[in-house]
Amino acid sequence: MQKELYKSDYESDWCPGCGDFGILQSIMQALAELEIPPWNTAIFSGIGCSGKTPHYINSYGIHTLHGRPLPFAIGAKMANPSLNVIAISGDGDAYGIGIGHFVNAGRRNPDITYIVHNNGVYGLTKGQASPTLKRKAQPKSLKLPNINDSINPIAISISAGYTFVARSFAYNVKHLKDLIKQAVLHRGIAFIDVLQPCPTFNTVDTKESYLQRIKNLPEYERDNISEAMKYALDTENLWIGVFYQVQRESYDQRYEEILQSYPKNSFPAKIDGNITDISESLRDFLC
Amino acid sequence: MQKELYKSDYESDWCPGCGDFGILQSIMQALAELEIPPWNTAIFSGIGCSGKTPHYINSYGIHTLHGRPLPFAIGAKMANPSLNVIAISGDGDAYGIGIGHFVNAGRRNPDITYIVHNNGVYGLTKGQASPTLKRKAQPKSLKLPNINDSINPIAISISAGYTFVARSFAYNVKHLKDLIKQAVLHRGIAFIDVLQPCPTFNTVDTKESYLQRIKNLPEYERDNISEAMKYALDTENLWIGVFYQVQRESYDQRYEEILQSYPKNSFPAKIDGNITDISESLRDFLC
Amino acid sequence: MIFTWLIGGPQGTGVDTSANSFARSCAYAGYWVFGKREYHSNIIGEHSYFVVTVSDKDVGTFRDKIDVLVSFEERTLRTHIEDVADGGAVIYDEETDISKYSDYIKSKNLLMVPVPYRKIIAETSEKFGLGDLKKLDVMRNSISVFASGGILELPSHFIEKSMDYIFVGKRRKVLEPNKYAGMKGYEIGKMFSSKFPIKAPEIKRTQSRVILTGTQATAFGKIIAGCRFQTYYPITPATDESEFLESLAKRYDFVVIQAEDEIAALLMSIGASLGGARAATSSSGPGFSLMAEGMGWAGMNEVPVVIINYQRGGPSTGLPTRHEQADLKFAINAGHGEFPRVILAPGDIEEAMYITAEAFNIAEKYQLPVVVIEDKFIANSVRTIPQPDMTKFKIQRGKFDSKVPNGDHLLKDLPVKVSKFKRFELPSDRKDYVSPRIPLGYPGFVFWNTGDEHDEYGHITEDPENRTKMHEKRMKKLEQIVEETPDEQKVSVFGNPNSEFVIVSWGSTKGGIISAMEEFADKFLFVQVKMIHPLDSSLIKKYISGRIKIAVEQNYTAQLASLITEKTGEFFDYFVLKWNGRPMSWDDLVYAFGKILDRKAEKRIVLTSGK
Amino acid sequence: MIFTWLIGGPQGTGVDTSANSFARSCAYAGYWVFGKREYHSNIIGEHSYFVVTVSDKDVGTFRDKIDVLVSFEERTLRTHIEDVADGGAVIYDEETDISKYSDYIKSKNLLMVPVPYRKIIAETSEKFGLGDLKKLDVMRNSISVFASGGILELPSHFIEKSMDYIFVGKRRKVLEPNKYAGMKGYEIGKMFSSKFPIKAPEIKRTQSRVILTGTQATAFGKIIAGCRFQTYYPITPATDESEFLESLAKRYDFVVIQAEDEIAALLMSIGASLGGARAATSSSGPGFSLMAEGMGWAGMNEVPVVIINYQRGGPSTGLPTRHEQADLKFAINAGHGEFPRVILAPGDIEEAMYITAEAFNIAEKYQLPVVVIEDKFIANSVRTIPQPDMTKFKIQRGKFDSKVPNGDHLLKDLPVKVSKFKRFELPSDRKDYVSPRIPLGYPGFVFWNTGDEHDEYGHITEDPENRTKMHEKRMKKLEQIVEETPDEQKVSVFGNPNSEFVIVSWGSTKGGIISAMEEFADKFLFVQVKMIHPLDSSLIKKYISGRIKIAVEQNYTAQLASLITEKTGEFFDYFVLKWNGRPMSWDDLVYAFGKILDRKAEKRIVLTSGK
Ligand SMILES: Cc1ncc(C[n+]2csc(CCOP(=O)(O)OP(=O)(O)O)c2C)c(N)n1
Ligand SMILES: Cc1ncc(C[n+]2csc(CCOP(=O)(O)OP(=O)(O)O)c2C)c(N)n1
Ligand code: SF4
Ligand code: SF4
Ligand SMILES: [Mg+2]
Ligand SMILES: [Mg+2]
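Residue numbers (the working numbering), protein chains in the order written: chain A, 1456 to 1742; chain B, 1456 to 1742; chain C, 29 to 639; chain D, 29 to 639.
Read the hints as simulated data drawn from the structure, not as lab findings.
Just so you know, even glycine gets a beta-carbon here, dropped at the ideal spot from N, CA and C.
Keep in mind that the hints are not guaranteed to be accurate.
[Stated by the list, open to error] What the simulated footprint calls covered on chain B by chain C, stretch by stretch (three residues with Cβ under 8 Å from a Cβ of chain C suffice, anywhere in the stretch; the number is not a length):
{"no.": "1", "region": "1463-1477"}
{"no.": "2", "region": "1578-1589"}
{"no.": "3", "region": "1661-1670"}
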């Protein structure tokens, strides 16, 4: 399919040079190469510069609440498992206000691709520290040096039970696009932390500083959790690639197992004028 | 000091045989042995059976909201760093609804002891699965087998930047008491996951099943994060003891460093009838 | 004929089960029953009790005076004996020293029925080879239920039938011992029956009935309506509904998700609704307080979703297991900014079912969040109701095109071309502010949603003209709802249309008010408000204006009354209020109405009965 | 003398800075100024603009008609030229082709002032050896501000002084080039001044003034009041306040915490308050929606805490950078159950300071959460106000014993004995429902807090009698507040006390209403409600009853008006409303009031001006 099909006619208003452009390109290209029709993808985003992404893509695009794309996305996926569901957050969105949903999603393993635009700042609110900003760093907007340590999203996601954990770089469209394709094809929750320069506010983690620290992950068995954790905990280098991948039943598969014929029978959009006959269940209560 | 001094006259209403009794004893004993006067300790708890703990202790006891003892506790500690602050949660409280605060506290390293009563269920709401319950387990109250994987609080806390991470067993009062003493003395956030049998609802993780799986952590350098992570990721065994300990400036120390004479000058209970003179700051705005 | 039966005991020792089995037994015998449960926020040990009202006519309230008190330990006796009616019966453990109550017993002429629990259990244990007597203590429950039956001459086979229902699964193996021990109790009870005036023989009836709790009725309402997606986070008293749905999940392919918190619970349901599902979430006060932001998003994006809020004693954690109706104004105003929503308040267990089902129609027809506001008293009470009539209800999905792919067909067969769908099409018609809707995944189309103000396609825009129109489009739906909803869905009216006094109330006070009014033939008109928001103020005004107005509410500030004043300018004359965590009893209401009729009442009548 | 100056341009290119420097320049010259900012939820590129109103009298509103339009690109010209008043001046880039506007320019007799931005910048670059012209484009700002000064004959040294203030830190090195380039612009402007009737020479004044934004004023209110603990989570437009406090943190040893979300933000402040601090949090709609549960806990535990909610366009994410007043009813009702709280609404930037400071006194005196409800229009506007008079305000901590250890002394010297403190002592006095309070760590004592209903020590109890009393104790504080608060803290009243018409409003509409009323001498009485909850309904009634009532609010449902109807039964006759995200202009209000006076108005006057 043509990448152009995925381009919406809504004009982007990101700053010139923003890493978000690279992420947007990667998503559209991945979807095109996977030949998923635009209407079969639903993209849920949080709030932030990153959160505007779905508006720029010609798919069902749901710009949700700050920190909350995952629960929306999980609900939609469970209502219609045949949808291709992607969730998008900023780093404040995912690792700050939204980290509760982030961690809890690991226990469910919903079949969703989760892309986090990690730019070290709260872009849309003008550059406050995000949870990935290093302690004592003081990019342009900060009145005082950052007082908090930075979070390690890779180690946390592995600890939380994510079944696909990867990192990429916003300006490396090919690398990121390939990861997104793998993530979409992965059955279960696939998480990609994308290092995304914010030239406007993050005057500390710049494109150049990222490029100096980025390294491709070496070969190892991707289901080896201790190996994955070793690279996750190494914060000197910025490893990119897939840290960890393992197969575990996805959330819809788990319900499929427990219920009689979910999603076929319960796919709820099918209900029509007839109410459900509950007499069988009422029998227990007859008196 | 005498342990009795820490016993409140409010009667406990936990079920007979509940592991919470052991935790309560351990806390009171630790405080007595550390000779901290009752009024110098403030204990913040969430909601649940575990959440009632502060009422049974003769200290300032703040029974907060479900999942939220940490932010309350951090606020109090920052307003008065000379308080000995303890936070208490159930596993639903800490690792479910409260995991956002749990993870974010790692970046701040507040000088607080955090004790989590990990009983695999939501006790007070009658036995639903908590985030630590294994997938497919079906204790008494569950209508269907647990559909979610269990969380790994040890790995997550280490990944989140906690500077003291430990586990104990509710019925081993001595072990737990010693850990609490270490935790209170640790400057920074000290987290103890306590395996706590809930004989009423958790018919899967029983005292007996815990005892079979519990093992004391071997000797290793406690600041060795990869070693700590190795034991954290080993979920076959239930390792108890201190997994990880490292020194990093606590949250109040960080503000002490940045501000002029916090907490001395800003300890806010000291303000009296005189308003603060802002003329120096207003000078910039004079026109 | 009506009587009241109360059983008490330490929490977690079977009190609820006993009460349910007694209620069922009476229902099997042809009676209408209503059972009210009082318990602590505690698992084992605190005192809990259950009051069952039995009548040959439909009943939806309880009385403070007890005709039969059932106890098997000292505390229950001590706590409740003074509430036993003159000449009432008291079942107690023969080993309890009742001498300290003897004066009282005499003065009230109580029929004291000593039961040798320990002996009966020992004998049963021996007969069935059950061993450990301590563990068998729970049999006191069955014994006392049977003993009650004996006193009342309730045919014992009805009690046996209820035992058959209750002792299932792992408990099946103790069914026979319980029946055996129970019959010993029955015989003892029977020995006293001649001295007791109240009798409960089998009575005839024509109609089939079911006995349900409020949470069960609500759950059935969801199933009927085609809802197949429920999220929840455990909280008293809402959890029972979700757990009941879980127990039926396999039968209906119902997806019940225990979310990580109530924020996620609501948002997952919204997500499912976007996916085409009829979706719902249920919670109580503290959880509902976390849903304000999510409700606003649903309002902004015109997403149908049903939220059940079972009110309990507030504020904050409050009285987690106690009753109150104090979340109304919060529900109407939850969430910053303005957006349309509907608040429906069922008044009893039967309405809980039908109004919940209807909530989905309203949510989809008008594309907005609907809050069904119930309370602990409805949630945890049991009541006999006529067997639900399925033909009463029809699923209406409004302007929703649900012809969506469900995974059956190959994606390849479907269009690759995409058109933008005007999900928020502005109205051409000045009476209809609802836009057509399709689910995510609808082939050949795409749309956007955003919490930001948006254009017809759902794209962000800050344009002031669009804003004026879009905001108005959403808000106008409230007027449209008032216009289009039949009056009988908005209010129910009881009593004398020509009376000088009008009682206005909402929710679970309904049963008590209707019953209490009967004591004052034709003196009152009673308006039960079911659709509280948007409020049809002219309809309400029609009923209340020119009359002496009495607000009956289980809160401190009389929330509905103040809302009515806001909308109609009419002030209430009397406020009958209660906020001690216990529902209003029949006696409470008779007292309050009597005072008002006698012109002896203060403006605020604060009721305080209940234990 | 009054005139309006507007500058527009792409977001992130210095428009705000220019406007601030122009406003300051005029203020230095002795004028009162009021500046209004309009911007998108975007970082770089969307069109934003700033309107500065300059007057020789105090001014708190803006007009739709512009006297001087400042542009340096086509879009601003296109967007705003039609708003320029007859005979107004337009500064534009000489390279812009203005031929398509020529008819319009002629018909309106506009004074077109072409500025050779590119040439001036090139020349300046050369002179100072600055290189890259693209990067110097931002100098257009300074040039245009100076050019404006030239046209207006505003003495240039005032502009230079404002440049000295603005170009600090890293920007200091471009100060001189900016002044140099600016003076080139000034000279061009001056060439046109003879053709322009409006002049801004230095004027005398006696009083010292400061120029502040609403967020700065609010922050100063906190500092004055002794607050040293602020939490926040970034959100527009609230963040500015916290960042301003951060910039002053070292000076005042102020702890500002960026929390992980708004839930934690409020709870941290509550924790700090328990620790004895005067603590606050600030947010806007979406964040405020997450605080409902925490507010209930503070209410239940009688914890003083101050919450600033800067309203913006809602619902949901809404219009993040635009103005609205639609969170009022939510603020009054946020949180399940009933608990006391106070809602205060400053009407302008000066009040934002004093009312915020006062909020801490009220919070501590009555031990409850106080919400100061501001809005985007107050937050982001700048205004000259008289230099704050420190003697106006006194810290009152109520029944708080703040003699607490602060780490100075050795714990060993302190008592080991512990007594239980009756933190929730029930009132002995029927007029005072506030209990004594001590902070955590107070030596020799302990108490408990719980979100559950509790006894006097703070221990959980479900006892119905205690519940009736404790709940009433808390709720009665609302009556006590109404009783004890001076009228002038509740309302401000302007205009003619004998007029037939009364205008009722709240918050930032104040400045516009006062100004617009002046056009209709003595025709209106205006009641600005500052303490909205608890509402002193008899006070309000006194002012409104018997008059023709006009509600002026920036929302759809007229929230204050409906509240007043609820409390007084009085209906409003006219509703002047606006919800397009833009504040009401002076013209808006003059139009609406005029229509009403002419009896030509509809009941709802919906205003739609603004870009
Ligand atoms: C509940 C809530 N709090 C705060 C905000 C304000 N807000 C908008 S964007 C944003 C942060 C964005 O940062 P990030 O998630 O890192 O995204 P980025 O802009 O950097 O892509 C915040 C806090 C909000 N919309 N909702
Ligand atoms: C916001 C909110 N949601 C739900 C509840 C209901 N609730 C009370 S206790 C509890 C769970 C307790 O489980 P856990 O934290 O594991 O503590 P335990 O009782 O097992 O000690 C819940 C969900 C609540 N009080 N507040
Ligand atoms: S602020 Fe940063 S993240 Fe946002 S659009 Fe600009 S460059 Fe990108
Ligand atoms: S329910 Fe479980 S956790 Fe709660 S008190 Fe009983 S045994 Fe303890
Ligand atoms: Mg970011
Ligand atoms: Mg638990």
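Worksheet entry | Residues of the region 1578-1589 of chain B with Cβ under 8 Å from chain C, three needed, outcome | holds (count 7)
Worksheet item: Are there three or more residues in the region 1463-1477 of chain B whose C-beta lies within less than 8 Å of some C-beta in chain C?
Response: holds (count 4)
Item to complete: State whether the coverage of the region 1661-1670 of chain B by chain C holds or is violated, taking the criterion as 3 or more residues with Cβ-Cβ distances under 8 Å.
Response: It is violated: at least three residues are needed, and the region 1661-1670 of chain B offers just 0 whose Cβ sits closer than 8 Å to chain C.
Checked against the numbered hints above, the structure violates only hint 3.
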